[in-house]
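Novice: These are the residues of each chain, in order.
2 protein chains.
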Amino acid sequence: MTPERYRRICDTLDRRQPDLTVIMDGVHKPHNIAAIVRTCDAVGILDVHAVLPKNRARMAAGTAMGSQRWVQVHKRDESTDVIRELQGQGVQVLAAHLSDDAIEYRQVDYTRPTALLLGTEKFGVSDEVASAVDQNVTIPMMGMVESFNVSVAAAIILSEACEQRRAKGFYDQPRVAAARYHELLFRWGYA
Amino acid sequence: MTPERYRRICDTLDRRQPDLTVIMDGVHKPHNIAAIVRTCDAVGILDVHAVLPKNRARMAAGTAMGSQRWVQVHKRDESTDVIRELQGQGVQVLAAHLSDDAIEYRQVDYTRPTALLLGTEKFGVSDEVASAVDQNVTIPMMGMVESFNVSVAAAIILSEACEQRRAKGFYDQPRVAAARYHELLFRWGYA
Ligand SMILES: C[S@@+](CC[C@H](N)C(=O)[O-])C[C@H]1O[C@@H](n2cnc3c(N)ncnc32)[C@H](O)[C@@H]1O
Ligand SMILES: C[S@@+](CC[C@H](N)C(=O)[O-])C[C@H]1O[C@@H](n2cnc3c(N)ncnc32)[C@H](O)[C@@H]1O
Chain A
1 MTPERYRRIC DTLDRRQPDL TVIMDGVHKP HNIAAIVRTC DAVGILDVHA VLPKNRARMA
61 AGTAMGSQRW VQVHKRDEST DVIRELQGQG VQVLAAHLSD DAIEYRQVDY TRPTALLLGT
121 EKFGVSDEVA SAVDQNVTIP MMGMVESFNV SVAAAIILSE ACEQRRAKGF YDQPRVAAAR
181 YHELLFRWGY A
Chain B
1001 MTPERYRRIC DTLDRRQPDL TVIMDGVHKP HNIAAIVRTC DAVGILDVHA VLPKNRARMA
1061 AGTAMGSQRW VQVHKRDEST DVIRELQGQG VQVLAAHLSD DAIEYRQVDY TRPTALLLGT
1121 EKFGVSDEVA SAVDQNVTIP MMGMVESFNV SVAAAIILSE ACEQRRAKGF YDQPRVAAAR
1181 YHELLFRWGY A
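Chains A and B supply the protein sequences, listed in that same order. Per this note's numbering, residue 1 is the first one in the first sequence, and the count goes up by one each step. Per this note's numbering, residue 1001 is the first one in the second sequence, and the count goes up by one each step.
Everything labelled a hint here was simulated from the structure, so no lab data went into it. Hints may be right or wrong, so weigh each one.
Subject to a maximum C-alpha distance of 27 Å in a straight line, what follows is the list of computed DSSO-like cross-link-like pairs (lysine-lysine) [claimed, not checked]:
hint	chain 1	residue 1	chain 2	residue 2
1	A	K54	A	K29
2	B	K1029	A	K122
3	B	K1168	A	K122
4	A	K29	B	K1168
5	A	K75	A	K122
6	A	K122	A	K29
Input sequences plus hints: build the corresponding full structure.
Specialist: Below is the structure:
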């Protein structure tokens, strides 16, 4: 590994946000998954939880995810399990969802430990999941079409989270625990 | 047309922003073009200029664009012509581009007449175009990967433009000239 490469990996690890995460709840188109994971890397997310749809899309989706090196994608069976687990760790779980009781995405404090849940391309977030999370958040729509592409919605909300965290200095000093930091440094650098 | 449909079309036209536009400079993957045009609709953009790459991608790209009903996609041959034309109308042309003299995207005043230019998936914005525009703007990257997907970059910048314009009441009263408003009302409603 060149010194430049080593520096770049350390710089990235120094900016990783262990308390910001994404749950893809049934997102299955490979180009959407790829774009979401790429955006997660760019805003400093370490872990993504992927609940794959229970049908043949599973395979295609699995492929796109394997290609991701800088973000750990954890395959999960039930989104409600992931939600409860994160809530148990004190994480606020937000669903990107156009519901009546949703608040606008810029009204949220993303400097709190936060997980953002995204729904499927076709059916969005289920009622069960929408009520299991702490808050539904929505991006205002000014046009004829009723929703954004899911990777676009993810990016709009995560870029706001990134700005809030930048303003508070969250990217200015390492936030990942030492053991995990060194494990990732090894894996990214040499594996 | 039902009264509800008519109302919905009028509401959308009342929020259209004739002085906000996008230039796709060689973007050619159909799912990216589709996602960008869908985002344009959602933030109230009326017109998009598409400079198609000069090769076989032209056809695929052309297909994705024909499917767009609520945003007018103008096919153009040369991006420098579009840039000069818009500048001649007093529009600030911004290129989404990671260059040394770029400023951060949230530092821009998007309530001015604005065009946002996006580069190709593979090669980005050419040097010629980067120096023809008024300003290069960049979205900070905190990770290992060096750029966002192009439709994601478009959405992040356009959602900031949308927020600024919402805060200034730009969506609260009709801004499209009467003749064009009625032409679009007819086309969307009956054609
Ligand atoms: C294409 S949308 C799903 C549309 C689906 N027909 C529905 O009604 O929910 C896919 C996902 O993108 C996210 N999304 C899209 N537009 C959004 C918006 N304006 N606000 C919040 N989330 C949005 C949500 O997570 C949604 O489940
Ligand atoms: C995939 S990128 C092109 C990457 C290309 N290798 C380059 O160096 O420009 C496609 C387009 O998305 C936009 N884009 C992607 N990431 C961006 C960022 N961080 N800031 C501004 N624009 C970005 C730009 O318009 C770019 O031309």
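Novice: With a cut-off of 27 Å on the C-alpha distance, tell me whether K54(A) and K29(A) pass.
Specialist: holds (14 Å)
Novice: Keeping to a limit of 27 Å between CA atoms, is the pair of K29(A) and K1168(B) held or broken?
Specialist: Status violated; Cα separation ~37 Å.
Novice: Need the status of pair K1168(B), K122(A): alpha-carbon distance at most 27 Å?
Specialist: Answer violated: K1168(B) to K122(A) is near 34 Å, above 27 Å.
Novice: Just to be careful, I want the Cα atoms of K75(A) and K122(A) compared with a cutoff of 27 Å; is the pair within it?
Specialist: holds (20 Å)
Novice: Please verify whether K1029(B) and K122(A) have alpha carbons no more than 27 Å apart.
Specialist: OK: K1029(B) and K122(A) at ~21 Å, within 27 Å.
Novice: Given the hint that K122(A) pairs with K29(A), does the C-alpha gap stay at or below 27 Å?
Specialist: holds (11 Å)
This entry does not satisfy hints 3, 4, going by the numbered hints stated previously.
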